[in-house]
Amino acid sequence: MTEVRKEIRNFAIIAHIDHGKSTLADRLIQRCGAIAEREFRDQMLDSMDIERERGITIKAQTVRLTYKAQNGRIYELNLMDTPGHVDFSYEVSRSLAACEGSLLVVDATQGVEAQTLANVYQAIDNDHTIIPVINKIDLPAADPERVKAQITEVIGLNAADAVLVSAKTGEGIDAVLEALVKRLPPPEICREAPLRALLVDSWYDAYLGVVTLVRIKEGVLTAGLKIKMMATGAVYQVDTVGSFTPKPQPVAELTAGEIGYVTAGIKSVRDARVGDTLTTEKNPAVTPLPGFNPSIPVVFCSFFPTDASAYPHLREGLEKLQLNDASFSFEPESSAALGFGFRCGFLGLLHLEIIEERLEREYRLNLITTAPSVVYKVHLTNGTEQDLHNPTDLPETGRIAFLEEPWIRATILVPDTYLGAILTLCQDRRGVQVDLTYAGTRAMAVYRLPLNEVVFDFYDHLKSISRGYASFDYQLDAYQEGDLVKVAILINGEPVDALATIQHRTTAETRGRALCARLKELIPRHLFKIPIQATIGAKVIARETIPALRKDVTAKCYGGDITRKRKLLEKQKEGKKRMREIGQVHIPQTAFLAALRTGKE
Numbered sequence: 001m002t003e004v005r006k007e008i009r010n011f012a013i014i015a016h017i018d019h020g021k022s023t024l025a026d027r028l029i030q031r032c033g034a035i036a037e038r039e040f041r042d043q044m045l046d047s048m049d050i051e052r053e054r055g056i057t058i059k060a061q062t063v064r065l066t067y068k069a070q071n072g073r074i075y076e077l078n079l080m081d082t083p084g085h086v087d088f089s090y091e092v093s094r095s096l097a098a099c100e101g102s103l104l105v106v107d108a109t110q111g112v113e114a115q116t117l118a119n120v121y122q123a124i125d126n127d128h129t130i131i132p133v134i135n136k137i138d139l140p141a142a143d144p145e146r147v148k149a150q151i152t153e154v155i156g157l158n159a160a161d162a163v164l165v166s167a168k169t170g171e172g173i174d175a176v177l178e179a180l181v182k183r184l185p186p187p188e189i190c191r192e193a194p195l196r197a198l199l200v201d202s203w204y205d206a207y208l209g210v211v212t213l214v215r216i217k218e219g220v221l222t223a224g225l226k227i228k229m230m231a232t233g234a235v236y237q238v239d240t241v242g243s244f245t246p247k248p249q250p251v252a253e254l255t256a257g258e259i260g261y262v263t264a265g266i267k268s269v270r271d272a273r274v275g276d277t278l279t280t281e282k283n284p285a286v287t288p289l290p291g292f293n294p295s296i297p298v299v300f301c302s303f304f305p306t307d308a309s310a311y312p313h314l315r316e317g318l319e320k321l322q323l324n325d326a327s328f329s330f331e332p333e334s335s336a337a338l339g340f341g342f343r344c345g346f347l348g349l350l351h352l353e354i355i356e357e358r359l360e361r362e363y364r365l366n367l368i369t370t371a372p373s374v375v376y377k378v379h380l381t382n383g384t385e386q387d388l389h390n391p392t393d394l395p396e397t398g399r400i401a402f403l404e405e406p407w408i409r410a411t412i413l414v415p416d417t418y419l420g421a422i423l424t425l426c427q428d429r430r431g432v433q434v435d436l437t438y439a440g441t442r443a444m445a446v447y448r449l450p451l452n453e454v455v456f457d458f459y460d461h462l463k464s465i466s467r468g469y470a471s472f473d474y475q476l477d478a479y480q481e482g483d484l485v486k487v488a489i490l491i492n493g494e495p496v497d498a499l500a501t502i503q504h505r506t507t508a509e510t511r512g513r514a515l516c517a518r519l520k521e522l523i524p525r526h527l528f529k530i531p532i533q534a535t536i537g538a539k540v541i542a543r544e545t546i547p548a549l550r551k552d553v554t555a556k557c558y559g560g561d562i563t564r565k566r567k568l569l570e571k572q573k574e575g576k577k578r579m580r581e582i583g584q585v586h587i588p589q590t591a592f593l594a595a596l597r598t599g600k601e
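Each residue of the sequence shown is one higher than the one before, starting from 1 at the first, in my numbering.
The set of hints was computed from the structure by calculation and includes no laboratory data. Cβ coordinates follow ideal geometry from the N, Cα and C atoms, glycine included. Treat each hint with caution, since some may be false.
Label-pair restraints from in silico Cβ distances [claimed, not checked]: (1) Leu549 to Glu357: 32 to 42 Å; (2) Arg364 to Glu331: 17 to 27 Å; (3) Thr545 to Leu569: 31 to 41 Å; (4) Pro290 to Asp387: 19 to 29 Å; (5) Pro332 to Glu357: 18 to 28 Å; (6) Asn71 to Thr424: 48 to 58 Å; (7) Asp174 to Asp387: 46 to 56 Å.
Go ahead and model the full structure; you've got the sequences and the hints to work with.
Below you can see the structure in the form of structure tokens.
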């Protein structure tokens with residue numbers, strides 16, 4: 001029998017980057033007295049050092065708050081703070097699946113941005129009740145009425161009763177809490193049904209093993225119970241159940257409608273799949289809960305340890321990070337130049353950067369990172385089709401019928417002052433305009449763009465030419481045939497796998513020249529000349545030469561006739577020729593990363 005848990009509210013905070021989600025979460029935690037003032041710090045729910053340094057949320061975090069409302073009743077509020085950046089949208093989708101409602105935070109000075117739209121549409125897809133919250137009303141440039149009109153016009157939500165707050169000063173926080181208990185629906189539950197709990201997140205703890213975050217949909221979960229993972233069939237005995245307040249707090253039981261954590265001595269990373277359903281071994285549920293759609297990586301690159309003996313350590317680090325971040329995938333690969341490593345898939349360049357930094361910090365690994373690439377579809381002359389993750393795996397030209405590349409549908413919101421420069425940038429990147437509309441003084445441009453042109457430095461250029469005012473969101477659209485070629489880099493006549501890329505024929509030469517010029521600056525001089533060449537097939541499209549370090553072999557030759565000096569110089573020339581044939585060129589790691597930075601300046 002279905003009943004309603006009237007005292008529980010499960011909600012997520014969604015917004016564009018820097019609109020104040022984490023600060024609002026801080027104020028709600030303080031107002032509900034979840035933590036002593038002496039223990040409080042800003043960005044309370046951003047637990048990783050990297051989140052605090054960059055000022056961004058990477059992982060969705062949950063906290064249980066107790067609130068005494070004006071009507072005298074005590075409510076349990078389960079808050080989920082979500083990331084704002086497009087690269088972490090999978091975190092947002094998982095958090096929304098565990099809640100019934102959302103607080104949509106919009107900056108009173110900036111208004112509706114691209115990621116505001118993307119997140120609110122995800123909340124609507126999850127049948128959420130949405131409460132608009134207009135933040136930063138204390139700023140001189142704040143214009144709440146304009147932002148209310150924008151929310152109604154652009155998103156289609158009625159913003160007449162939007163809550164006005166300043167998360168920085170604490171103004172309006174009581175109004176937010178009252179809106180939560182009055183306007184959000186309580187969860188519908190069934191206590192008597194067999195246990196079904198949705199596995200929302202999981203992470204590795206050095207002492208407890210795998211810790212899982214669950215939303216109980218039906219039944220009751222207690223310590224000592226034997227649970228079964230419905231996808232893998234693995235069985236474990238529950239050690240502890242609890243909630244975050246925001247510190248881990250063990251509780252006697254988690255009942256339907258609640259969000260909490262479970263530890264069960266899970267050692268294997270593969271047994272705790274995000275999106276799986278937990279049930280009891282004795283009285284299992286018949287059908288699992290609908291999980292999450294698997295994330296589709298859009299950017300691929302390879303990680304190789306600088307020390308070959310660190311390969312097992314790298315595998316262990318990747319497995320533990322994948323447990324914590326289900327949107328990231330990896331598979332083993334090997335390279336003639338770099339040895340054994342892993343080919344990894346990411347949701348974007350920032351995602352790649354964060355994973356790389358976490359591997360280096362948390363697991364003390366020194367890595368070589370190859371140039372990022374997207375997944376192409378290769379249609380062969382024999383009628384078959386294959387996915388191409390790594391440019392070095394491209395078949396011979398004679399076997400290829402045609403290549404297809406992924407295209408995205410991008411939404412760009414920008415003040416109309418900068419619109420001309422944005423449209424030029426999109427045209428330069430082979431973009432096709434789909435739509436252009438206005439909301440007040442802001443333009444919303446919708447473009448179809450090849451993903452290959454976006455993953456490298458598009459976002460940096462967009463922010464630069466719009467003085468930081470443009471916002472950008474995208475989703476994969478379709479694959480489309482393109483005139484694509486492989487640009488290979490030869491250093492001292494040897495191909496370097498890590499620097500090979502696939503480019504559109506119209507931009508291949510420009511990119512090859514830029515990369516050769518950058519490598520000339522980055523590779524240190526040796527005792528012999530080093531040619532750097534960019535090639536398409538057998539054709540060299542760009543070349544730079546690093547001059548040899550010159551040693552003065554005639555320094556000790558005092559006096560005598562010129563033939564003595566000539567003999568020494570000829571001897572040196574012979575030595576350099578021999579050295580060029582057998583010499584090893586040391587390429588620093590910065591040279592591999594340079595492939596990211598060679599955009600149109």
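Against the structure, the hints come out as follows:
no.	hint	verdict
1	Leu549 to Glu357: 32 to 42 Å	holds, 34 Å
2	Arg364 to Glu331: 17 to 27 Å	holds, 23 Å
3	Thr545 to Leu569: 31 to 41 Å	violated, 20 Å
4	Pro290 to Asp387: 19 to 29 Å	holds, 27 Å
5	Pro332 to Glu357: 18 to 28 Å	holds, 22 Å
6	Asn71 to Thr424: 48 to 58 Å	holds, 57 Å
7	Asp174 to Asp387: 46 to 56 Å	holds, 54 Å
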